[in-house]
Structure formats: C-alpha cells, structure tokens
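A.B. asks: For reference, the chains in residue letters:
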Amino acid sequence: MAEFNASVKDQGDISIVYLKGFLDAHTAPVLENTFSELIDKGKYRIVANFKELSYISSAGLGVFMAFIEKIRENNGDIKLSSMNEKVYNIFDLLGFPLLYEIFKTEDEAVKKF
Amino acid sequence: MVVKSRTENLSEIREFINSLVGKIGVAPNVTEDIILAVDEACTNIIKHSYKYFPDGEIIIKMKYSGKKIIITIIDYGEYFQPNTIHKPDLQEYYRHKKVGGLGMYLMKTLMDEVKYSSIPGKYNQVLLTKYVNSGS
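Residue numbers (the working numbering), protein chains in the order written: chain A, 1 to 113; chain B, 1001 to 1136.
Keep in mind that the hints were calculated from the coordinates and are not lab data.
Just so it is clear, CB atoms sit at the ideal spot from N, CA and C, and this is done for glycine as well.
Only true hints are included.
Dumping the calculated BS3-like pairs for lysine-lysine here, alpha-carbon to alpha-carbon at most 30 Å:
no., chain 1, residue 1, chain 2, residue 2
1, A, K20, B, K1023
2, B, K1063, A, K86
3, B, K1004, A, K86
4, A, K20, B, K1051
5, A, K20, B, K1108
6, B, K1047, A, K20
7, B, K1108, A, K86
8, A, K41, A, K20
9, A, K111, A, K43
10, B, K1023, A, K51
11, B, K1047, A, K70
12, B, K1108, A, K51
13, B, K1023, A, K86
14, A, K70, B, K1051
15, B, K1047, B, K1108
16, B, K1068, B, K1122
17, B, K1108, B, K1063
18, A, K41, A, K111
19, B, K1108, B, K1004
20, B, K1130, A, K86
21, B, K1063, B, K1004
Label pairs and their computed distance ranges (CB to CB):
no., chain 1, residue 1, chain 2, residue 2, range
22, A, K20, B, E1008, 14 to 20 Å
23, B, E1008, A, N84, 20 to 26 Å
24, A, E85, B, Y1123, 36 to 42 Å
25, A, K20, B, K1122, 38 to 44 Å
Looking from chain B toward chain A, a few residues come up when the C-beta cut is under 10 Å (computed):
no., residue
26, E1008
27, N1029
28, Y1105
With the hints as constraints, model all of the structure from the sequences given.
C.D. replies: The structure is reproduced here in structure tokens:
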C-alpha cells in the first residue's frame, strides 16, 4: 500500500510541513490531522514542502482548500514549496497558483512571511 | 481488475493501471494522466456511488486499439451521473469552503473523453478515453 506521511519542523514561529509519498483520498486525513493540530496550537504560519511528495490527487488538493481560510483569518498562510513538475502541473491545472504562493525552495517560502 | 470500494485500494488501482498502460509504451506523462484520472473516477465511486460502503465492487478494464486507450470502470452503487463539468471557480470554492468537484474537472482535463452511462438501480459506467500515438 502506498504510504504518505507529514512531519513538522518548527523554524521560529513558522511550521514547515514535509510531505512524503502519495497523497490521495486514503492518505489525505493524515494531512488534515497535521493541519488541525497546528491550528489547535495556534500555529498559522505554515510552509508545505513538497520535495518528497511523489503523487497528489484532488483529495490532497482539497485539504489545502479546507484549511486555508481559517488560517488566513488568523493572519497566517500556507505557502507551498519545492514541488516536482508533475505535482505542480496538477496544482496549475486547477488554478491554485491564483490562491496560493508557490516557491521553488523552502527558504524562499519561509522568507515571504 | 475487480476491487472493493475502499480508499486503501487506490494505490493498488494505480499500480494496476501503471502496469497495463506501461506495457503499451506511451510517454510517461500520458501514463501519469491516466493513472490520476482513474484514481479520481474511483475516488468518486467510493464517495458518491457507494458512499464509503467498503464492500462494493469496482470493475476496471482497459482496451487498447492502437490509437486510443479506453478504461472502463463499472460500479453497482447508487445512481451517479455527474452534471455538466465546468472548470471550478477556485475563488468561489474559497468563499464557500467547497472542496468537491475538483476531481471531475481533473478527469475531464487529463483525458480526451469522459463518458458516463448509468442505468439507475443497476450499474454506473464511466469510459475514460485517451488518444495516443504509439511509440511516442
């Protein structure tokens, strides 16, 4: 079975979420839990690092849609970084670059806060 | 392939499509498009047709004619015939916290044809067609 995991590293007041593996309808709840836990702790400044994410379906994209408003209402944001071309193309097809800032590197995303 | 309607089986479905389409020798990005479209179709079946009932059957078949790949996916869940598919207005999604419907749009974009033909109370069928240049 394809695996997915999300690990969190704090860098100052920014939480960097490292996504790894395959993000689909089965594994999306793992990422939902990660975002829920961050929000519960009042951590609204988030960078999602996609470097090791091999695959994403719309269920994975939906997780970002589900949390972004709450996060922005609290003066935070989810910035995205380090996507491979295949994953970026899916975000692009759905028009996500209009709603989310997407950076080539994690550093660039962190600096934007 | 016959598989139960559980999200845990999505990875097995993707591997099945990868091995079938991989044998034809199309470009890797074409294979990836088809894998994602089939994932989206099966995710919709699990959610909307079987409503997360875990023991429904999903039947997946592939036909390759030299010019096109046709994936047929059949389920015996509730009548499910999506309306006309529009590109989702993400700003609208954002305002209304709507998250569904993205998969349907992806399927339509990634494949050349997406055709639903359901018989209420019997089965739902979706045909996903991709035109290919063999060897490309």
